Amino acid sequence: MGNITTSKKLIPPLDGMPDISIIQLPTPKTIALSAMDIPYIRPKLLVKENEPVKIGTPLFCDKRNSSIQYVSPGAGTIKRIVFGERRRLKEVVITLDQTEEYLEFDPIGLKNIQKAPKEDIIAMLQKGGLWQGLREFPSKDTADHTRTPTMIIVSLNGNDPFSPHPGIVLEKKSDLFKSGLKFLKRFSPNIIVTAREDSLQRLEKIKHDISHIVANTYPAWDPGVVLYQLKTRVEDNRAWCISAEHLVLIAKFIETGQYPTDRVVTVTRTPDRKPHIITRQGAPVADIIGNMAENTLITTGHFNGHLVDPESHLGFFETTLNVIHDQPEEEMFGFIRPGLEKPTASKTFLSCLLPTPKKLDCNLHGEERACINCGYCTRICPVSLAPNFIMKALLSDDIEDALSFGLWDCTRCGLCSYCCPSKIELTQILSKGMDEYYKDKQ
Amino acid sequence: MKKLKQLFDENEEHFTGSGKFKRLEPLFDATKTFFFLPSPQNRQTPFVRDNLDLKRYMSFVILALMPVLFFGMYNTGYQSGLAHGETYTVLKSFLIGARYVLPIIIVTYGVGFFWEVLFASIRGHKISEGLLVTGLLFPLTLPPTIPLWQVALGISFGVVIGKEVFGGTGRNILNPALTGRAFLYFSYPVSMSGNIWIAAKDLVDGISGATALAVVAPEGESITGALSQAGFGLSDLFLGFVPGSIGETSALCCLLGAAFLMITKIANFRIIIGGIIGLILTSLIFFFIPGGSGTWMNAGPLYHLCAGGFLFGISFMATDPVSAPGTNQARWIYGFLIGFLTVTIRVANPAFAEGVMLSILFMNVFASLLDHIVMKSNASKRIPNV
Chain B
1 MGNITTSKKL IPPLDGMPDI SIIQLPTPKT IALSAMDIPY IRPKLLVKEN
51 EPVKIGTPLF CDKRNSSIQY VSPGAGTIKR IVFGERRRLK EVVITLDQTE
101 EYLEFDPIGL KNIQKAPKED IIAMLQKGGL WQGLREFPSK DTADHTRTPT
151 MIIVSLNGND PFSPHPGIVL EKKSDLFKSG LKFLKRFSPN IIVTAREDSL
201 QRLEKIKHDI SHIVANTYPA WDPGVVLYQL KTRVEDNRAW CISAEHLVLI
251 AKFIETGQYP TDRVVTVTRT PDRKPHIITR QGAPVADIIG NMAENTLITT
301 GHFNGHLVDP ESHLGFFETT LNVIHDQPEE EMFGFIRPGL EKPTASKTFL
351 SCLLPTPKKL DCNLHGEERA CINCGYCTRI CPVSLAPNFI MKALLSDDIE
401 DALSFGLWDC TRCGLCSYCC PSKIELTQIL SKGMDEYYKD KQ
Chain Z
1 MKKLKQLFDE NEEHFTGSGK FKRLEPLFDA TKTFFFLPSP QNRQTPFVRD
51 NLDLKRYMSF VILALMPVLF FGMYNTGYQS GLAHGETYTV LKSFLIGARY
101 VLPIIIVTYG VGFFWEVLFA SIRGHKISEG LLVTGLLFPL TLPPTIPLWQ
151 VALGISFGVV IGKEVFGGTG RNILNPALTG RAFLYFSYPV SMSGNIWIAA
201 KDLVDGISGA TALAVVAPEG ESITGALSQA GFGLSDLFLG FVPGSIGETS
251 ALCCLLGAAF LMITKIANFR IIIGGIIGLI LTSLIFFFIP GGSGTWMNAG
301 PLYHLCAGGF LFGISFMATD PVSAPGTNQA RWIYGFLIGF LTVTIRVANP
351 AFAEGVMLSI LFMNVFASLL DHIVMKSNAS KRIPNV
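Going line by line, the protein sequences match chains B and Z. For the first sequence, the residue numbers in the working numbering are 1 to 442. For the second sequence, the residue numbers in the working numbering are 1 to 386.
Worth flagging that the hints you see were computed from the coordinates, not collected in a lab. No experiment lies behind these values; they were computed from the predicted model shown. Incorrect hints may have been included.
Unchecked claim - If we take Cβ atoms under 10 Å as the criterion, some of the chain Z residues that face chain B in the derived model are: (1) 12; (2) 50; (3) 53; (4) 54; (5) 121; (6) 125; (7) 320; (8) 371; (9) 384.
What the hints assert, rightly or not - Quick list of in silico lysine to aspartate or glutamate cross-link-like pairs, EDC-like style, CA-CA up to 16 Å: (10) Z:2 <-> B:329; (11) Z:32 <-> B:367; (12) Z:32 <-> B:331; (13) Z:126 <-> B:368; (14) Z:376 <-> B:368; (15) Z:3 <-> B:401; (16) Z:5 <-> B:329; (17) Z:2 <-> B:330; (18) Z:5 <-> B:331; (19) Z:3 <-> B:329; (20) Z:381 <-> B:401; (21) Z:376 <-> B:398; (22) Z:32 <-> B:329.
Stated by the list, open to error - Each pair of labels, with its calculated beta carbon distance range: (23) Z:302 <-> B:200: 34 to 40 Å; (24) B:50 <-> Z:11: 55 to 61 Å; (25) Z:380 <-> B:327: 52 to 58 Å; (26) B:97 <-> Z:379: 53 to 59 Å.
Beta carbons are placed, not taken as given, at the ideal position from N, Cα and C, and that holds for glycine.
Could you put together the complete structure from these sequences and hints?
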């Protein structure tokens with residue numbers, strides 16, 4: 001078992017850690033398939049409003065590769081198709097029937113997972129809406145099934161520090177997980193399984209499958225960071241990654257031929273410690289969150305998530321919802337207060353001496369200024385980038401320089417924007433640079 | 001506090017949108033944000049942000065300068081007393097010193113803010129906090145006897161030519177405070193040359209007192225002996241009871257400020273430590289070169305460290321992040337070369353008694369080149385990913 005350590009422990013401990021207990025939410029009235037959290041997708045609708053659908057009926061596909069389909073997580077009638085800015089598909093909302101029917105696929109069976117023709121499995125997963133779980137570096141676009149990656153990284157932990165505990169996600173599913181690893185073996189000989197130090201105690205059954213233990217500091221367990229630490233040659237840049245949860249879903253789908261719909265999610269809201277929640281994929285956000293105060297933001301990750309509309313539904317990749325409070329008052333002489341309560345990655349508040357968990361808020365704490373080259377972003381970057389230099393290269397349209405400085409290694413963890421004292425949107429500038437370059441290349 | 005907030009809210013309309021004083025919006029904004037830290041909701045990922053902002057960042061440099069400033073005021077009065085042949089009490093020294101130092105600081109901030117507000121109004125951007133630091137660093141590099149019109153001229157040159165013509169804080173190549181000082185140094189050498197730096201204007205005699213770096217030993221004597229004869233013993237230089245620019249005399253206070261900046265990680269320790277290493281190594285090399293026993297060549301590392309403005313420069317000027325390099329390796333080289341050049345100028349060029357200002361400005365110019373080399377070498381070590 002390998003260790004991936006990181007010396008960078010700059011993030012203050014955060015408040016709002018979810019509790020280990022589990023509750024099950026009742027079946028919601030509506031459910032939706034979201035297109036917002038699938039990177040780079042150009043959705044093409046396959047259904048119309050008021051059409052009846054089953055669990056597993058394809059709702060839209062990717063225009064770039066129409067064999068990759070995205071299927072309904074519930075059975076009922078399509079209530080509404082929601083579009084966002086520029087007529088981009090946001091989500092397909094379905095009113096659920098009392099008894100739900102499955103669109104049955106021919107189950108391959110876990111025993112045959114190593115013997116069945118590879119093409120059959122790929123076709124089944126692409127049709128069944130689960131191929132999207134496999135992502136390909138460096139863009140994290142949907143994996144290209146014609147390639148053989150040099151390694152596949154399986155993360156037991158999600159994107160956020162408070163993503164669901166793998167012990168709960170994989171509870172009673174360790175056999176499925178092991179079968180899933182066998183399935184991945186068919187694509188690449190080198191399977192990396194990573195787990196955080198603090199989630200090991202509930203993972204006894206799959207302990208021997210874990211290949212690397214990663215440090216407990218965000219974002220050490222991010223597959224991009226793991227890849228950066230492990231890669232030794234150029235070919236490794238196009239490794240694949242998948243979350244343990246999706247791997248289990250794939251194994252279950254191969255076993256039963258029915259699209260699995262249950263998901264484990266966490267809700268974090270300081271100072272509460274909320275339990276893990278078992279609910280359906282695509283459940284309404286409002287049902288999961290409960291009532292919320294004004295001026296709060298809901299995100300799918302403290303540092304790297306996107307904003308969630310309380311009216312919308314949970315996406316395929318979303319496993320955590322952070323309710324982040326607003327700090328109501330502008331502080332008098334805020335720039336010189338001792339700040340015992342204030343979370344910071346710097347050493348300029350007394351709070352950096354206290355190890356207690358800190359409460360985060362969704363405010364900017366300052367105004368945007370020009371970059372003063374202080375180097376906080378370089379110090380905090382988990383993949384040793386210099387975001388300030390890359391930002392300047394991108395702003396002067398010098399993509400070659402930006403790439404040579406390692407732009408494609410960026411995992412969009414958000415720490416550079418988090419710690420920037422000039423409040424520059426570094427993550428956004430770098431992400432945009434990567435996206436534009438990737439779209440050009442396609 | 002609530003009333004103040006109300007006052008700002010009520011008057012905001014005059015300064016924004018189509019208000020009467022729209023042009024002065026940056027000034028209004030700077031005053032308002034000085035009292036009330038703005039904290040809008042995040043609209044971009046990540047949705048949580050660090051509490052450190054540039055106002056706090058710059059305020060910490062001001063805090064670090066406090067020992068230097070207060071000691072500088074005290075020492076100005078103390079030296080004035082010595083020139084009068086008296087020993088003033090601490091309070092009297094401090095008050096007399098304040099009478100010389102405060103007008104210089106007030107003029108600097110006044111004129112500096114005038115230019116800053118002017119440029120911010122024309123360009124329509126916010127007033128940057130960088131001036132807070134520049135406006136305190138600049139007076140501390142000046143002799144207490146400098147005429148106030150020269151202060152105004154110097155800070156104008158520093159802010160306009162040193163900073164604003166490049167686009168403002170964050171885009172300047174040279175340290176604005178040092179640019180202003182260099183301008184005064186070359187334009188008005190009489191006020192800056194180091195011979196009449198004691199604040200005792202009303203005396204006809206006894207106003208000349210050379211600074212330590214201007215001391216040259218007579219034939220046959222060693223430099224250290226000549227220095228202690230002239231009142232520049234090592235302990236005096238370290239504690240700072242010697243004539244000189246307001247802020248530079250006390251090595252101890254500079255070290256306190258440097259330690260504070262390094263602990264809070266506002267200044268990069270690599271520059272400060274690198275600079276001190278550079279200075280010590282270079283002065284040792286000169287020390288072991290035969291000859292020159294009566295000059296600063298033979299002074300050894302401790303005297304070089306404590307005399308002149310080196311510690312002030314390396315702690316507060318060289319660590320200005322904008323004009324210093326942004327990569328760690330480059331910071332070591334940059335600091336080291338500042339130390340090296342300071343000693344070299346002091347020893348090899350008697351025309352410029354003080355080398356630290358010129359060496360920092362010189363290295364400022366090379367900072368981006370050093371960064372370029374380091375970034376290229378770092379890029380070649382990465383596994384290419386395109």
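Return holds or violated for the Cβ distance of residue 380 (chain Z) and residue 327 (chain B) against the range 52 to 58 Å.
-> Because 45 Å falls outside the window, the suggested range is violated.
Do the alpha carbons of residue 2 (chain Z) and residue 330 (chain B) lie within 16 Å of each other, as the hint requires?
-> 11 Å, holds
Mind checking the alpha carbons of residue 381 (chain Z) and residue 401 (chain B) for me, to see if they're no more than 16 Å apart?
-> At roughly 14 Å apart (the allowed maximum being 16 Å), residue 401 (chain B) and residue 381 (chain Z) satisfy the hint.
Under 10 Å, Cβ to Cβ, is where residue 121 (chain Z) needs to be relative to chain B, so tell me if that hint holds or is violated.
-> 17 Å, violated
If you take the shortest Cβ to Cβ gap from residue 12 (chain Z) to chain B, is it below 10 Å?
-> 13 Å, violated
Pairwise hint evaluation, residue 331 (chain B) against residue 32 (chain Z), where the allowed Cα distance is 16 Å at most | 11 Å, holds
Is the hint on residue 50 (chain Z) kept, meaning its closest Cβ partner in chain B is under 10 Å away?
-> 5 Å, holds
Agreement of residue 2 (chain Z) and residue 329 (chain B) with the hint, judged by alpha carbon distance not exceeding 16 Å = Measuring from Cα to Cα gives roughly 11 Å; hence the hint holds.
Are residue 5 (chain Z) and residue 331 (chain B) close enough, with their CA atoms no more than 16 Å apart?
-> 10 Å, holds
Is the straight-line distance between the alpha-carbon of residue 376 (chain Z) and that of residue 398 (chain B) 16 Å or less?
-> 14 Å, holds
Given the proposed pairing of residue 126 (chain Z) with residue 368 (chain B), does the C-alpha separation stay at or below 16 Å?
-> 9 Å, holds
Between residue 302 (chain Z) and residue 200 (chain B), is the Cβ distance one that fits in 34 to 40 Å?
-> 55 Å, violated
The structure fails hints 1, 5, 14, 15, 23 and 25 (numbered hints given earlier, in ascending order).
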